[in-house]
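A.B. asks: For reference, the chains in residue letters:
2 protein chains.
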Amino acid sequence: MKKYIRRDFLKTASIAAVGAGALSLTGCETKTDNSPAKNNGKTYEWKMVTTWPPHFPILGEYADALGKWVGEMSDGRLKIQVYGGGELVPALEVFDAVSQGVAEMGHGAAYYWAGKLPSAQFFGCVPFGMNAQQVNAWLFFGGGLDLWRELYSDHDLMPFPCGNTGGQMGGWFNKEINSIKDFVGLKMRIPGLGGKVITKTGATSILAPGGELYTDLDRGVIDALEWVGPYHDSLMGFDKIAKYYYYPGWQEPGSVLELIVNKNAYNQLPDDLKNIIEVAAAKVNVLMLSAFEEKNTEYYLKMKKESKIQFRQFSDEILEALRKYTGEVIDEIISTNAMAKKVYDSYSSFKKNIYEWDSIAERNYKA
Amino acid sequence: MKKYIRRDFLKTASIAAVGAGALSLTGCETKTDNSPAKNNGKTYEWKMVTTWPPHFPILGEYADALGKWVGEMSDGRLKIQVYGGGELVPALEVFDAVSQGVAEMGHGAAYYWAGKLPSAQFFGCVPFGMNAQQVNAWLFFGGGLDLWRELYSDHDLMPFPCGNTGGQMGGWFNKEINSIKDFVGLKMRIPGLGGKVITKTGATSILAPGGELYTDLDRGVIDALEWVGPYHDSLMGFDKIAKYYYYPGWQEPGSVLELIVNKNAYNQLPDDLKNIIEVAAAKVNVLMLSAFEEKNTEYYLKMKKESKIQFRQFSDEILEALRKYTGEVIDEIISTNAMAKKVYDSYSSFKKNIYEWDSIAERNYKA
Chain A
2 MKKYIRRDFL KTASIAAVGA GALSLTGCET KTDNSPAKNN GKTYEWKMVT
52 TWPPHFPILG EYADALGKWV GEMSDGRLKI QVYGGGELVP ALEVFDAVSQ
102 GVAEMGHGAA YYWAGKLPSA QFFGCVPFGM NAQQVNAWLF FGGGLDLWRE
152 LYSDHDLMPF PCGNTGGQMG GWFNKEINSI KDFVGLKMRI PGLGGKVITK
202 TGATSILAPG GELYTDLDRG VIDALEWVGP YHDSLMGFDK IAKYYYYPGW
252 QEPGSVLELI VNKNAYNQLP DDLKNIIEVA AAKVNVLMLS AFEEKNTEYY
302 LKMKKESKIQ FRQFSDEILE ALRKYTGEVI DEIISTNAMA KKVYDSYSSF
352 KKNIYEWDSI AERNYKA
Chain B
2 MKKYIRRDFL KTASIAAVGA GALSLTGCET KTDNSPAKNN GKTYEWKMVT
52 TWPPHFPILG EYADALGKWV GEMSDGRLKI QVYGGGELVP ALEVFDAVSQ
102 GVAEMGHGAA YYWAGKLPSA QFFGCVPFGM NAQQVNAWLF FGGGLDLWRE
152 LYSDHDLMPF PCGNTGGQMG GWFNKEINSI KDFVGLKMRI PGLGGKVITK
202 TGATSILAPG GELYTDLDRG VIDALEWVGP YHDSLMGFDK IAKYYYYPGW
252 QEPGSVLELI VNKNAYNQLP DDLKNIIEVA AAKVNVLMLS AFEEKNTEYY
302 LKMKKESKIQ FRQFSDEILE ALRKYTGEVI DEIISTNAMA KKVYDSYSSF
352 KKNIYEWDSI AERNYKA
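Going down the list, the protein sequences come from chains A and B.
Be aware that the first sequence starts at 2, since it is given in this note's numbering, and climbs by one per residue.
Be aware that the second sequence starts at 2, since it is given in this note's numbering, and climbs by one per residue.
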């Protein structure tokens with residue numbers, strides 16, 4: 002039976018194919034002109050610096066894995082030594098270190114470079130922005146990656162999408178947040194664009210040292226914080242001291258991780274090694290998201306079963322207010338930076354369109 | 002400001018990392034013992050047979066791309082000649098052809114082999130099953146891929162997840178479907194598990210030749226059909242003749258494509274080429290889904306703007322009835338096949354858990 006159907010599919014499909022323009026599959030392939038085309042027998046020893054502590058759960062582990070996979074695929078011709086943040090250069094100097102050729106590669110997230118490049122954060126995470134599946138579609142087929150490469154080109158860097166956290170959580174609170182007014186006076190650890198957004202509610206975005214977060218929350222030095230999701234948050238022990246765990250993670254709906262490669266180093270590689278790097282980054286893209294989903298599921302269920310945490314959902318009224326403030330924060334950024342405007346215009350127009358499709362295809366589907 | 006936050010993150014993260022068990026990243030790596038470990042300088046010329054017409058939009062194009070990428074990464078040491086369905090072997094003989102070594106590789110979907118292996122369809126698509134993001138988490142980190150390899154091992158095949166269609170549409174109808182009773186007597190082209198499900202509603206699952214679908218629907222020989230999503234359906238011209246386009250695509254919420262490799266051929270490869278194949282499949286995994294999302298968005302918007310098609314949503318009552326019948330269809334399969342039961346138990350238990358996480362993280366998030 003299936004056999005008939007399939008044969009039929011093929012007949013029809015042949016017809017269909019006639020009408021279809023060939024799809025560009027090259028969304029993430031970039032070649033340079035001056036590179037040796039062929040395997041030249043040379044062995045390359047590269048350094049990869051990262052913004053993560055060595056072997057940090059999932060994020061650092063996949064930086065390690067990328068190095069391992071490139072080594073395996075190249076049969077040892079491209080050896081990558083991976084350094085945790087602070088081991089070779091400080092975590093927040095990864096961009097400069099790779100740009101200057103101190104290391105050939107880096108793994109981190111584009112929003113860490115927002116101080117230098119305001120538009121970079123749109124390649125990392127955007128509050129009320131696209132989720133992992135949607136942002137990949139934008140990067141690979143909506144012009145996102147081209148803009149990213151345009152932005153980094155002046156810094157002698159080639160970026161590759163290289164992982165995604167999936168949806169995160171909205172954070173830990175010791176009091177219920179029943180209205181947007183409950184943010185007034187709240188001292189919350191929340192970095193980046195999300196921090197700027199809650200400042201507009203009347204809350205204070207606190208820069209408490211991470212190593213002190215547990216103690217600070219426990220002693221009431223801060224009232225609230227957001228970290229990542231159930232897996233990483235549980236490793237930090239927040240479920241042992243906070244009362245309420247809020248969702249959804251409006252501030253980080255699908256944060257993109259990046260691989261950056263020094264352009265001069267990249268251009269010296271033969272084509273096969275260039276391709277190996279790019280394809281390894283794509284493998285991290287799919288596997289890291291899968292790992293986040295699996296671990297967050299496991300730890301969310303564990304937390305529900307074993308802890309006294311009360312889960313709470315931000316009301317629509319609260320989310321609408323946060324969304325409005327997010328618009329204001331983004332407007333402030335793009336009104337003073339032409340490249341940021343160009344990137345955000347592309348991002349937001351793609352988002353608007355894909356949400357129309359999402360609203361019928363995924364939104365209305367429940368398994 | 003960002004700088005401080007990030008440094009703090011690192012301090013805390015170091016603490017967090019202590020508590021974390023190392024994550025297994027090896028979800029899709031499989032080594033065999035008798036393979037040459039090192040690049041032996043040999044060149045391999047392989048054939049890849051596929052279930053798609055040559056260069057079929059997205060699906061066939063990514064089979065071509067996989068061959069190209071493997072060739073590039075291996076610097077020509079592993080050359081893959083890609084054949085469309087019927088060019089070397091008929092589309093539905095891909096499994097047997099690769100199993101018997103007629104070709105070294107195949108690209109298609111596991112549910113095509115349901116006649117031979119009832120459990121295979123759970124690796125392809127499951128009505129009311131997991132979406133692309135969730136099914137990847139199951140395959141790579143929930144034991145799914147291990148079971149898939151166990152199942153195919155007896156057939157001398159090694160499967161790799163190699164693409165996903167994302168959410169599809171529910172199909173084309175010439176009358177409104179306002180209740181489950183409106184399926185009674187309906188002649189609908191819908192293959193696979195979905196076809197078995199609608200048979201239980203009193204509809205007839207029709208096996209009309211694909212090449213005749215357009216004419217059959219136009220002339221009323223069939224009353225309804227489902228194909229893929231806005232992109233592929235538009236190429237077929239269904240928007241020119243049908244009245245209603247229903248969603249969501251309950252019957253195919255995220256169909257997995259597969260790469261199959263003949264085990265004997267695979268075992269003769271040195272490790273670097275094995276790794277290259279596996280990582281190329283992962284690249285197809287992420288890029289194909291992105292391509293489907295982008296193209297379906299584009300064609301959905303075009304259809305909304307330019308055609309007279311009326312979009313309709315299946316009611317909750319209809320979906321609940323279809324879900325109940327899906328349960329019956331699956332029960333019939335797993336009650337007579339131990340391996341199918343083993344696979345579905347793993348699938349459904351993972352699905353139950355990840356839906357709990359999904360229900361707070363993604364479900365409540367609107368950009």
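Because the hints were derived from the structure by calculation, they are not lab data.
Be a bit skeptical, because a hint or two may be false.
Restraint-style ranges between C-beta atoms, simulated for each label pair [to be verified]:
(1) F312/A to V103/B: 53 to 59 angstroms
(2) D332/B to N179/A: 42 to 48 angstroms
(3) G238/B to G42/A: 39 to 45 angstroms
(4) K69/A to K353/B: 55 to 61 angstroms
(5) G328/B to V222/A: 48 to 54 angstroms
(6) N338/B to F312/A: 36 to 42 angstroms
Straight-line Cα separation of at most 27 angstroms, DSSO-like style, residue types lysine-lysine; simulated pairs [said to hold, decoys possible]:
(7) K352/A to K69/B
(8) K69/B to K39/A
(9) K176/A to K241/A
Since we're looking at a predicted model, the values are computed, not measured.
Built from N, CA and C at the ideal position, the CB exists for glycine as well.
A.B. asks: None of the hints should be skipped; say for each whether it holds.
C.D. replies: The hints, checked one at a time:
| no. | hint | result |
| --- | --- | --- |
| 1 | F312/A to V103/B: 53 to 59 angstroms | holds, 55 angstroms |
| 2 | D332/B to N179/A: 42 to 48 angstroms | holds, 45 angstroms |
| 3 | G238/B to G42/A: 39 to 45 angstroms | violated, 53 angstroms |
| 4 | K69/A to K353/B: 55 to 61 angstroms | violated, 33 angstroms |
| 5 | G328/B to V222/A: 48 to 54 angstroms | holds, 52 angstroms |
| 6 | N338/B to F312/A: 36 to 42 angstroms | holds, 39 angstroms |
| 7 | K352/A to K69/B | violated, 31 angstroms |
| 8 | K69/B to K39/A | holds, 15 angstroms |
| 9 | K176/A to K241/A | holds, 15 angstroms |
Checked against the numbered hints above, the structure violates hints 3, 4 and 7; every other hint is satisfied.
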